[in-house]
Amino acid sequence: MTDEHEHYEAVVVGAGPGGAAAAAVLARNGVETLVLERGVEAGSKNVTGGLVYAEESAPYTVDALFPDFREEATERPVTDYYLHNVAGEQVETFDITDLHEHDTEWSDAVLRREMDSWMADRVHELASETGGGLLTDVRVNGLLRDGGEIVGVTCDELDPIWADLVIAADGVNSELARDAGLMDWDDPDEWFQGVKAVVDVPSEIIAERFGVGDDEGEAHLFSGDLFEGVRGGGFVYTNEDSLSIGSVFHLDSIVEQEAEPHQLLDNLLTHPLLADWLEGHYDEVEYSAKLVPDSKKAANPSPHEGRLLAVGDAAGQMQAQGPIIKGMNHAVSAGALAGEAFAEAKLRGKPEQAGDLYERKLREEGVMGKLRPKGYRVASALGEREPVANATDSLLTSPVGRLGVRLLGDRLEDLYSSPYLSQIVPDTQTPYVTLPTVIAEELGERVAGEADFEPKDLATRIGDLTYDTDVGNPHIELLDDSVAASGAAVTACPVSAKDFGGGCYREETVKTNGSEQKRVSLDTQPCVECGTCAVVADTDWEHPRGGKGVEFEQG
Amino acid sequence: MHSVVLTKGVPDFREGQVSFDEDGHLERGATPTVMNPNDEFALEAALQTKVKQGGQVSVMSMGPPGYESVLEEAMSVYADDLYLLSDREMAAADTWSTAITLSGGVEKIAERDGQSGEPDLVFAGFKTADGETGQTGPQTSWCLDRPIVTHVISLTVDDEEETLRAKRLVEGDANEIETVEAPLPAFVVTDPDFEPSYRRAEHRLRHKRLKAETEERVEEYDEHLTTWSAEDLDLDPDFIGLDGSPTIVSGVDPIPKAPSEREATTVAPDDEEEMEQLIDEMRPLAGGE
Chain A
3 MTDEHEHYEA VVVGAGPGGA AAAAVLARNG VETLVLERGV EAGSKNVTGG LVYAEESAPY
63 TVDALFPDFR EEATERPVTD YYLHNVAGEQ VETFDITDLH EHDTEWSDAV LRREMDSWMA
123 DRVHELASET GGGLLTDVRV NGLLRDGGEI VGVTCDELDP IWADLVIAAD GVNSELARDA
183 GLMDWDDPDE WFQGVKAVVD VPSEIIAERF GVGDDEGEAH LFSGDLFEGV RGGGFVYTNE
243 DSLSIGSVFH LDSIVEQEAE PHQLLDNLLT HPLLADWLEG HYDEVEYSAK LVPDSKKAAN
303 PSPHEGRLLA VGDAAGQMQA QGPIIKGMNH AVSAGALAGE AFAEAKLRGK PEQAGDLYER
363 KLREEGVMGK LRPKGYRVAS ALGEREPVAN ATDSLLTSPV GRLGVRLLGD RLEDLYSSPY
423 LSQIVPDTQT PYVTLPTVIA EELGERVAGE ADFEPKDLAT RIGDLTYDTD VGNPHIELLD
483 DSVAASGAAV TACPVSAKDF GGGCYREETV KTNGSEQKRV SLDTQPCVEC GTCAVVADTD
543 WEHPRGGKGV EFEQG
Chain B
258 MHSVVLTKGV PDFREGQVSF DEDGHLERGA TPTVMNPNDE FALEAALQTK VKQGGQVSVM
318 SMGPPGYESV LEEAMSVYAD DLYLLSDREM AAADTWSTAI TLSGGVEKIA ERDGQSGEPD
378 LVFAGFKTAD GETGQTGPQT SWCLDRPIVT HVISLTVDDE EETLRAKRLV EGDANEIETV
438 EAPLPAFVVT DPDFEPSYRR AEHRLRHKRL KAETEERVEE YDEHLTTWSA EDLDLDPDFI
498 GLDGSPTIVS GVDPIPKAPS EREATTVAPD DEEEMEQLID EMRPLAGGE
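In order, the protein sequences belong to chains A and B.
Each residue of the first sequence is one higher than the last, beginning at 3 in the numbering used here.
Each residue of the second sequence is one higher than the last, beginning at 258 in the numbering used here.
It is worth saying that the hints were derived from the structure and are not from the lab.
Bear in mind the structure is a predicted one, so any value in this text is a computation, not a measurement.
Beta carbons: idealized from backbone N, C-alpha and C, even for Gly.
Treat the hints with care, as some may be off.
To be verified - Just the calculated beta-carbon pair ranges, DEER-fashion:
| no. | chain 1 | residue 1 | chain 2 | residue 2 | range |
| --- | --- | --- | --- | --- | --- |
| 1 | A | Gly368 | B | Gly311 | 46 to 52 angstroms |
| 2 | A | Arg350 | B | Arg474 | 42 to 48 angstroms |
| 3 | A | Asp243 | B | Ala543 | 54 to 60 angstroms |
| 4 | B | Glu472 | A | Pro476 | 35 to 41 angstroms |
| 5 | A | Asp148 | B | Asp430 | 45 to 51 angstroms |
| 6 | B | Glu364 | A | Glu131 | 39 to 45 angstroms |
Claimed, not checked - Some, not all, of what chain A presents toward chain B, calculated at C-beta under 8 angstroms:
| no. | residue |
| --- | --- |
| 7 | Leu137 |
| 8 | Ile163 |
| 9 | Asp166 |
One chain only, chain A, in its complex shape (with noise of 0.2 angstroms):
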């Protein structure tokens, strides 16, 4: 009775789609399985851009493990896709459809407090036919070891919960993969951030203003000058009656540049052509935030330790490659490769072979080939060392270069549209804004809206999220407030910014004794729980308990 401790067979922590798909998986081989989700509802605590994609080539795809997906769970299918290269208000348009095609059965703009607490539902009725189940408002925060093995997970509402098979599907800021030394928080340029405004805008006059009927939608990148430098770009995708504007840049480029993310949105939002899609019609119902793994990097090519495999963010999936973004569909892949690996393991006797049986897949299947692209480590190898990246903008810059440029005038969409070239495109300026600027002022032409808003401040924007304060819980610890441990947090933070007192981080002034220092301070209380402080500070993070700290209506 009590004194018993409570087993499962698998424990899946976090109702994203890797969980999910990890648990439909499971469940349907008839595993008992427990999901343990952390948010009040599933998606609560989720954010994406968002896109999902089916693709061709790979082993699983969301709407095959859950029929009825893109009907019930989804926002617009993506029917046309563009690039914009901007330089003030020269815009050079390029459409990469054929490009966003390739590999491609179908990619939807999805909200994600909707899609996954859609796929929670799902998975709580297989779940439950195993004698398991899903939870929502459990933490999960850490592994339970026996004799230095993984045997389960402990939790801060739970008693210990032994497990012959743990999936940590508990995103960018797994614990459990840190837990088990399978992810650390050392280089910010391992990461992207992406912060996100949901715009209202009633679904005719998106219909209108992007000409689209019901079944259609778009999505619309930026580069160029727009973002003041940063490494990285915007994007506008079309919902079913909003829309989700955001932009995603390099980590590393934002703490060198020190800038500031929802400045870098506002920019977005206020360009003369956004101006356009926008006016009269300017909404913002809510402001997110999100770290995102470049895979390129960071994505762990054995995800396993003993009994624990980590799907997703967790393990790092999440593929960037030039104008393409793909994160959720490999979390699926991986989530519903990791159950069938249990499954076929357990057939077989040895359940404990499936985390190399998992690795193994992720390779065969042609997963990891995706997210760490054979191409993009030779040529990243050249273009990202610092004098040939400086050559390379120096040369575009030049004379001779904007003759390039023009020369090569439309056979310059062709060229972005290469799938091949997507992959190996060096993270560098180049390809973000030099080359952009330069396309732009060559061969853009000039857009004439104006902004009839101004954007919301980040004082009511972190104000109109909705928060369950943990008081005297924080989740983020601050080991080292100087300015040279943690200063970066203050700038790079969403929710925080130079000269605001009402964010998450904070630069003070301490007088003591004639002599002045300043310090980072910090009150967790509008965080919305990215976790880029836990990799560009020295701090202690952890995610708040179950059900608490910030809940996304929108995701």
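Fit chain B to the given chain A structure using the hints.
The following block gives chain B in isolation, referenced to the frame of chain A:
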């Protein structure tokens, strides 16, 4: 495990809901009846027992037919069966004749359930929002001849040993928490500090399943409702209702109302002169010079 929860319908005393006549008497007709707020903790305790031990929860109330709405509310917190003890003979009962009536109801359930015998646990909330005497629970337990544990803030039941172990809050100069054990069948009065605790995933999963089941059942709550008259319970008319109530109310004094109108002056915080004046006026109230 079978639990019975005793609940009472009380006037909804929340602001804007309650109506009084010119003499200050409560106008029952114009004031909605709701479940006594303290009874929600008794229901939670019974639900916790059902989640952890399995079995069923019955909810019982004595009152006019209008009390069905209170029982409907109880159904939404996962009750299986509802019992309304309703009869003109039971009207105007004090705590004592109410206790006799309720204990008759509990015994009738035991009789109806036959072999399974009497309910293992009877729960009541701590005092009602209207009478505030806190007597009905203990008196009912006396009528049923059961051990009683009051002010319970947490509860575990041991099926095999047929005991319950409870933490109870003992209020005094310093609040103390006392752990007690009682044999089943027993009577439990929950404290408003009662908190159910579900530390096992299987219990949370069962809780979730019961919730889903109840959502369907609450739609058709009247199919689970049994109404018993005094005759059904075979109660002696001399011991129930007004006739069975030894309590005599000699009079009712209305609580003096706060003056409805107060004089208010707006003072601008940056008007120095007005602020000075305000401080002068406040000084004697604050005990200053």
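May I ask which of the numbered hints given earlier this structure violates, with the numbers listed in increasing order? Per hint list: single violation, 9.
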